[in-house]
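Student: What follows is the residue order along each chain.
Protein chains: 2
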Amino acid sequence: MQVLITGGAGFLGAKLAHALLQKGTLADAGGRQQAITRITLLDRSAATGFDDARIATAEGDVSDPAVIAAHLTPAVSSVFHLAAVVSGEAEADFDLGMRINLDATRLLLEQARRNGNAPRIVFTSSVAVFGGELPDPVLDSTAPTPQGSYGAQKVMGELMVADYSRKGFVDGRSVRLPTITVRPGKANKAASSFASGIIREPLNGVVAVCPVPPETRVWAMSPRSAVKNLVQAHEVTRDALGTGGAINLPGLATTAGDMVAALARVAGPEVAQRVQWQKDEAITRLVGSWPGRFVTPRAERLGFVGDADFDSVVQAYIDDELAR
Amino acid sequence: MQVLITGGAGFLGAKLAHALLQKGTLADAGGRQQAITRITLLDRSAATGFDDARIATAEGDVSDPAVIAAHLTPAVSSVFHLAAVVSGEAEADFDLGMRINLDATRLLLEQARRNGNAPRIVFTSSVAVFGGELPDPVLDSTAPTPQGSYGAQKVMGELMVADYSRKGFVDGRSVRLPTITVRPGKANKAASSFASGIIREPLNGVVAVCPVPPETRVWAMSPRSAVKNLVQAHEVTRDALGTGGAINLPGLATTAGDMVAALARVAGPEVAQRVQWQKDEAITRLVGSWPGRFVTPRAERLGFVGDADFDSVVQAYIDDELAR
Numbered sequence: 000m001q002v003l004i005t006g007g008a009g010f011l012g013a014k015l016a017h018a019l020l021q022k023g024t025l026a027d028a029g030g031r032q033q034a035i036t037r038i039t040l041l042d043r044s045a046a047t048g049f050d051d052a053r054i055a056t057a058e059g060d061v062s063d064p065a066v067i068a069a070h071l072t073p074a075v076s077s078v079f080h081l082a083a084v085v086s087g088e089a090e091a092d093f094d095l096g097m098r099i100n101l102d103a104t105r106l107l108l109e110q111a112r113r114n115g116n117a118p119r120i121v122f123t124s125s126v127a128v129f130g131g132e133l134p135d136p137v138l139d140s141t142a143p144t145p146q147g148s149y150g151a152q153k154v155m156g157e158l159m160v161a162d163y164s165r166k167g168f169v170d171g172r173s174v175r176l177p178t179i180t181v182r183p184g185k186a187n188k189a190a191s192s193f194a195s196g197i198i199r200e201p202l203n204g205v206v207a208v209c210p211v212p213p214e215t216r217v218w219a220m221s222p223r224s225a226v227k228n229l230v231q232a233h234e235v236t237r238d239a240l241g242t243g244g245a246i247n248l249p250g251l252a253t254t255a256g257d258m259v260a261a262l263a264r265v266a267g268p269e270v271a272q273r274v275q276w277q278k279d280e281a282i283t284r285l286v287g288s289w290p291g292r293f294v295t296p297r298a299e300r301l302g303f304v305g306d307a308d309f310d311s312v313v314q315a316y317i318d319d320e321l322a323r
Numbered sequence: 000m001q002v003l004i005t006g007g008a009g010f011l012g013a014k015l016a017h018a019l020l021q022k023g024t025l026a027d028a029g030g031r032q033q034a035i036t037r038i039t040l041l042d043r044s045a046a047t048g049f050d051d052a053r054i055a056t057a058e059g060d061v062s063d064p065a066v067i068a069a070h071l072t073p074a075v076s077s078v079f080h081l082a083a084v085v086s087g088e089a090e091a092d093f094d095l096g097m098r099i100n101l102d103a104t105r106l107l108l109e110q111a112r113r114n115g116n117a118p119r120i121v122f123t124s125s126v127a128v129f130g131g132e133l134p135d136p137v138l139d140s141t142a143p144t145p146q147g148s149y150g151a152q153k154v155m156g157e158l159m160v161a162d163y164s165r166k167g168f169v170d171g172r173s174v175r176l177p178t179i180t181v182r183p184g185k186a187n188k189a190a191s192s193f194a195s196g197i198i199r200e201p202l203n204g205v206v207a208v209c210p211v212p213p214e215t216r217v218w219a220m221s222p223r224s225a226v227k228n229l230v231q232a233h234e235v236t237r238d239a240l241g242t243g244g245a246i247n248l249p250g251l252a253t254t255a256g257d258m259v260a261a262l263a264r265v266a267g268p269e270v271a272q273r274v275q276w277q278k279d280e281a282i283t284r285l286v287g288s289w290p291g292r293f294v295t296p297r298a299e300r301l302g303f304v305g306d307a308d309f310d311s312v313v314q315a316y317i318d319d320e321l322a323r
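Top to bottom, those sequences are chains A and B.
0 is the number of the first residue of the first sequence in numbering that gives the first Met the number 0; add one for each residue after it.
0 is the number of the first residue of the second sequence in numbering that gives the first Met the number 0; add one for each residue after it.
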């Protein structure tokens with residue numbers, strides 16, 4: 000079976016690809032595990048760092064119909080749609096966000112519909128679909144009322160995935176990722192970028208400026224759990240999904256201050272002291288509009304998993320990224 | 000001030016136009032009432048039956064950018080976007096529904112953004128955004144999980160209206176209309192068409208076939224209340240709307256059986272006997288996926304109104320449509 004990962008050169012796409020290579024199989028439409036023969040990693044620039052004959056890298060713009068037609072062929076039976084313009088960027092460039100987060104998702108669904116093989120499509124949505132006045136905790140039945148363009152575009156994507164699935168054009172499933180931390184590499188334009196920076200930079204001996212106050216709540220998930228959950232989103236049966244829409248994943252309720260306290264416990268206070276608190280109003284407003292706490296019985300029933308505590312999230316980052 | 004009504008030749012658009020002509024004014028961006036100098040009724044075929052110099056009729060496809068550019072000029076400060084492909088038709092022709100219910104709404108918002116005058120836009124959404132497993136009653140905070148393409152397209156429209164408003168491109172407000180009954184004229188392709196037919200046809204001496212069982216719940220609203228609420232949606236201040244999304248309007252919780260019982264009370268049992276019950280599985284499934292009962296504290300706080308009972312809804316139809 001052939002797999003397509005959009006955003007496949009991103010850190011999550013690459014981790015997912017490694018996990019799929021190791022797992023070796025994915026469920027087909029009938030629920031039977033089939034050997035993965037090819038994983039195409041599509042992104043703006045080609046993915047690197049793979050040494051496996053099953054990996055194909057492809058460069059292209061996901062909002063270009065020719066690119067989608069070239070890589071989402073009828074031979075592809077599983078898609079992980081990770082490509083996105085992140086929250087801060089979608090807020091700064093409205094048209095870019097609409098093009099990549101909304102139009103490209105529709106393009107992908109339309110191509111799948113034309114292909115006629117109803118591929119399984121995992122769509123990565125986000126906790127950023129929630130905002131404004133919200134129940135605390137947020138429930139599985141809580142209405143998304145996004146207070147940012149990224150969140151609005153993601154909900155629209157979820158709705159399309161659900162309706163194309165109901166019509167039988169695709170077999171889609173949407174999961175709302177919590178804030179992923181700790182991301183390796185450089186800061187990005189996501190408003191939530193700090194949630195990785197305040198752990199990653201101090202561990203690398205660099206000062207990190209935290210743009211939100213310590214009491215800022217974060218609904219967090221480690222990359223390890225995120226990858227597990229993306230695979231699970233693919234594997235869960237259509238029947239188990241029922242008529243519900245996107246799935247709120249089980250995150251870890253923490254705060255910026257508690258995250259730095261965990262860093263101090265795991266890596267020492269001298270490391271944690273590299274975090275400087277300097278409030279950015281725009282980022283604080285956007286991040287503050289996202290909910291800090293959920294209850295997620297539906298996800299738990301469907302086999303999705305969260306992290307036990309933030310100390311283990313910090314330790315996993317050290318093991319996965321720094322021990323090499 | 001100039002007003003644009005899309006779907007202006009439809010029965011609700013025409014009733015709204017008459018109400019606006021009689022009211023004579025609408026709130027401007029600063030909340031001051033301004034005289035309405037022109038109401039353009041845009042529809043696939045020109046509206047008829049108006050004899051007022053303030054009315055302009057226009058023929059055109061709302062999904063055609065040239066049509067929208069011609070009629071949504073910077074001189075237009077208020078828009079009522081009523082044009083839509085109804086539920087049954089959107090389900091039968093997916094692409095038509097996407098084009099009219101989603102793409103045309105985006106086109107309208109984009110034209111308004113280009114115009115640069117942030118017009119007030121009232122977007123008519125629907126109870127059909129809800130479906131599947133739902134709390135009973137549905138709450139203001141309940142997530143829409145549409146089980147039909149019409150509902151999915153309407154939620155996407157709501158999300159765009161909300162985000163374009165948050166960005167300051169437009170001043171949009173979305174209201175979710177209950178099932179409007181009693182509609183005058185002919186049956187249409189809405190799955191809810193029966194809710195008017197079982198009252199209208201018997202009153203006209205014609206047999207009506209009801210495609211859903213008597214116990215089928217309907218969240219109903221009279222055309223009179225719908226028009227009042229569309230005007231109220233325009234008049235309510237931006238501040239009062241807050242960060243919430245589309246507004247669930249206060250409908251009347253009834254059933255197909257109770258509606259026919261009301262008809263018997265108001266018009267006599269011999270009239271009500273003209274209703275024949277003949278179940279259509281597809282319509283019953285779609286209508287049955289919509290919720291029958293809401294609590295709507297937000298709408299009530301914002302000054303929206305419902306109907307007292309279904310007897311008065313039947314009587315209002317007789318007074319407005321048959322007494323002429």
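For the record, the hints were derived by calculation from the structure and aren't laboratory data.
Please note: incorrect hints may appear among the correct ones.
In this list, chains with the same sequence are indistinguishable; a pair is considered to hold if it fits within one copy or across any two.
Stated by the list, open to error - With a Cα cut of at most 30 Å, we get these calculated DSS-like pairs of lysine-lysine:
| hint | residue 1 | residue 2 |
| --- | --- | --- |
| 1 | Lys-278 | Lys-22 |
| 2 | Lys-188 | Lys-166 |
| 3 | Lys-278 | Lys-227 |
| 4 | Lys-185 | Lys-166 |
| 5 | Lys-278 | Lys-166 |
In this text, all values refer to a predicted model and were calculated from it rather than measured experimentally.
Student: At most 30 Å between alpha carbons: which applies to Lys-185 and Lys-166, within, between, both or neither?
Tutor: between (41 Å within a copy, 29 Å between copies)
Student: My question is about Lys-278 and Lys-227: at a cut-off of 30 Å on alpha-carbon distance, are they close within one copy, between copies, both, or neither?
Tutor: Neither way: Lys-278 and Lys-227 sit 34 Å apart in one copy and 46 Å across, limit 30 Å.
Student: When Cα atoms must be at most 30 Å apart, do Lys-278 and Lys-166 count as within-copy, between-copy, both, or neither?
Tutor: between (47 Å within a copy, 23 Å between copies)
Student: Between Lys-188 and Lys-166, at a C-alpha cutoff of 30 Å, which is it: within one copy, between copies, both, or neither?
Tutor: between (35 Å within a copy, 19 Å between copies)
Student: Give the relationship of Lys-278 and Lys-22 under a CA distance limit of 30 Å: within one copy only, between copies only, both, or neither.
Tutor: Answer is neither: 43 Å inside a copy and 50 Å across each miss the 30 Å cutoff.
In the structure shown, a violation is registered for the earlier hints numbered 1 and 3, in ascending order.
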